[in-house]
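Here is how the chains run, residue by residue.
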Amino acid sequence: MRVPLVSQSLGLGRRVSSAAADAVGRAGLAGLDALLEWRYTDEAVKRVLASPVADHAVGHALRGPLVDAVARDLAQSAVLESPAMERLATEVIESRLLDTIVERLLESEELWIMVDEIARSPAVTDAIGQQSVGFADQVAGQVRVRSQRADASIERVARRLLRRSR
Amino acid sequence: MSVSDAHAAMSAQAQAAATVRAHGPELADAAPPVYAGLVTRALAFAVDAAIVDLTGIFVGVVVGLGLSVLKTPDTVDHLLLAVGGVLFVVWTVSYFVGFWSTTGQTPGNRLMQIRVRRESSDEALRPRWAFVRLIGLGLAALPLLLGFLPMLLTDRRRGLQDMLGRSVVVHVRGAR
Numbered sequence: 001m002r003v004p005l006v007s008q009s010l011g012l013g014r015r016v017s018s019a020a021a022d023a024v025g026r027a028g029l030a031g032l033d034a035l036l037e038w039r040y041t042d043e044a045v046k047r048v049l050a051s052p053v054a055d056h057a058v059g060h061a062l063r064g065p066l067v068d069a070v071a072r073d074l075a076q077s078a079v080l081e082s083p084a085m086e087r088l089a090t091e092v093i094e095s096r097l098l099d100t101i102v103e104r105l106l107e108s109e110e111l112w113i114m115v116d117e118i119a120r121s122p123a124v125t126d127a128i129g130q131q132s133v134g135f136a137d138q139v140a141g142q143v144r145v146r147s148q149r150a151d152a153s154i155e156r157v158a159r160r161l162l163r164r165s166r
Numbered sequence: 001m002s003v004s005d006a007h008a009a010m011s012a013q014a015q016a017a018a019t020v021r022a023h024g025p026e027l028a029d030a031a032p033p034v035y036a037g038l039v040t041r042a043l044a045f046a047v048d049a050a051i052v053d054l055t056g057i058f059v060g061v062v063v064g065l066g067l068s069v070l071k072t073p074d075t076v077d078h079l080l081l082a083v084g085g086v087l088f089v090v091w092t093v094s095y096f097v098g099f100w101s102t103t104g105q106t107p108g109n110r111l112m113q114i115r116v117r118r119e120s121s122d123e124a125l126r127p128r129w130a131f132v133r134l135i136g137l138g139l140a141a142l143p144l145l146l147g148f149l150p151m152l153l154t155d156r157r158r159g160l161q162d163m164l165g166r167s168v169v170v171h172v173r174g175a176r
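As given, the protein sequences belong to chains W and E, one line each in that order. For the first sequence, the positions run 1 to 166 when this note's numbering is used. For the second sequence, the positions run 1 to 176 when this note's numbering is used.
DEER-style ranges, computed between Cβ atoms:
(1) E:T103 to W:L97: 40 to 48 Å
(2) E:W91 to W:A127: 37 to 45 Å
(3) W:D116 to E:A141: 42 to 50 Å
Where chain E lies over chain W, by a calculated footprint (3+ residues, C-beta under 8 Å):
(4) 101–112
(5) 143–155
These are calculated hints, taken from the structure and not from any lab test. Note that CB positions come from ideal geometry on N, CA and C, so glycine has one too.
Next up, chain E with everything else stripped away, as it sits in the complex:
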C-alpha cells in the first residue's frame, strides 16, 4: 500500500467516524418503516404496466411491420405469434422479478418512492420469492381483486402477493 493509499484509507476512516459521530451509528435503523398503501402501490403498478405494455406493443409493431413486407405462410405467422406471446411473458416476469430482487424498486416504485423488501429484513427479495410474489399478484387479482383487500385491513398493509412472497412494501426513507 502506497503512502497516498494509506492517507486515502485514513481519510475515509475519519469520514466514516465523523458520520457516526454526527448522526449516530443506528440512525438508519432508528425510525420504524412506513408501509405503502393500496393507492400508492396501484399507481406505481399502473406506471409499470404502462412501461411493460408499451414496450411490448412497440416491439410487436416493429416486428409486425417488418413481417408485413415479407410473404410468410400462415403457419409461420402463428408460430411467430406464439413466440411473441412467450417472449412477452418472459419480458414481464424478468421486469418485475429483476427489479424486485435487485434494487427492490421498479421504475413505478421509484416514481412513487416505495420499495419492495423482505418482511424480516431490509434486504431485497431473493429471485425465487420475487417470482412467487409475481404469481401471488396474479392470484390476488383473480377473485375480483379480493386478494388485495387485506392491504386495507392489515397493519403492514400486506396483500396476498406480499404474504406469499414474504415481502412488505415500504416508503423510501427521506422521501415522504
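Excised from the complex, chain W in its bound form:
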C-alpha cells in the first residue's frame, strides 16, 4: 500500500512544480512584454548602444571565438553556395553601390600608385619588352650602343691630336 502512495505523491509533486514553472515563465514573458512596451525602454536601449559598453561588448565578441564559430558554421552549412547568397551577390553587383565603390577607387591616388608600381614592375616590363622588341629593334639598339662608344672614341682621338699640335 505504501508504494502506490509514494508514487502518487511524487507525480503530484512533479505536476505542481511543472505548473509553477509555467506560471513563472508566463509571468516572465508578460513582464518582458510590459518592459518592451514601457515608454522608457526605447530611450534606455539607445543610451546603452551609445555608451562605451556597447563598443566594448562588440569588441569582445569580435575578438573572441564568435567570429570563428560563425565562419565555421557558414562553411559547414554551405551558406555561401546557397541560391539565396547567389541572388544577394548578384544584387550587390548590379546595385549602385558597386558603381560608387569603383568610382571612389578610380578617384583614389593609392589605386593609381599601385597601378603605376605594377606597370613598372620587372615582371610586367619584361613581358611587354619580350613582345615588342623584335630583331630590327635589337639590331638598332646595338648600332646605337656602338655609335655612342664611337662618339666617345673619336672625340678622345681628336682632343689628343689637338693637344699634340699645341
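Chain E: place on chain W using the hints.
Just chain E now, with coordinates in the frame of chain W:
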C-alpha cells in the same frame, strides 16, 4: 559637366597626383641632357639622306617612265627637269625643317634615339631656326666638312649648324 565627366576628371587628377607622388614632380628635368656625338648623328643623317634620295629617285623614275612613252619637245623636257630639281630641293627642305620643328626627330634621329632641340629649352626649333640650321648644315660641309669639327671638341657637341640654328642634339631620355 555630367557626373561621369566629373568622376573622369577626378580620376585623372588622382592619377596625375599619384604620378607626382610616385616619381616626384621634377623627375623629367632632374637628369642633365646627354648630347649626341658625331658618329651617331652621321648615321642618323645617312638614314635621312637615304630616305630623301630614294624617295626622289623613285618619283623621278616614275615620272621619267611616264614621260618616256609621250613624245615631248626638248624644251618641255628641260623645263620638267628644272621643275623636278626645284621640287627635290623643296622636298628636302620640307623634310628636315618639318621634322626638326615639330617632333625634333627625323626618321633617322628616331632610329638613333636622338632629338634636335633648342639650346636654351627642351622645345623643338622654330621653323625659321630649323631652316637656318639646314643652311648651316650645307655651310659646315662646304670647307671639307670642317664645320662639323667643333662637334668633337665642344662640351655640348655642337657643330656649325647647331651654332647657327641655336640648337643642340640630345639623346632621348630612357633610350640610352
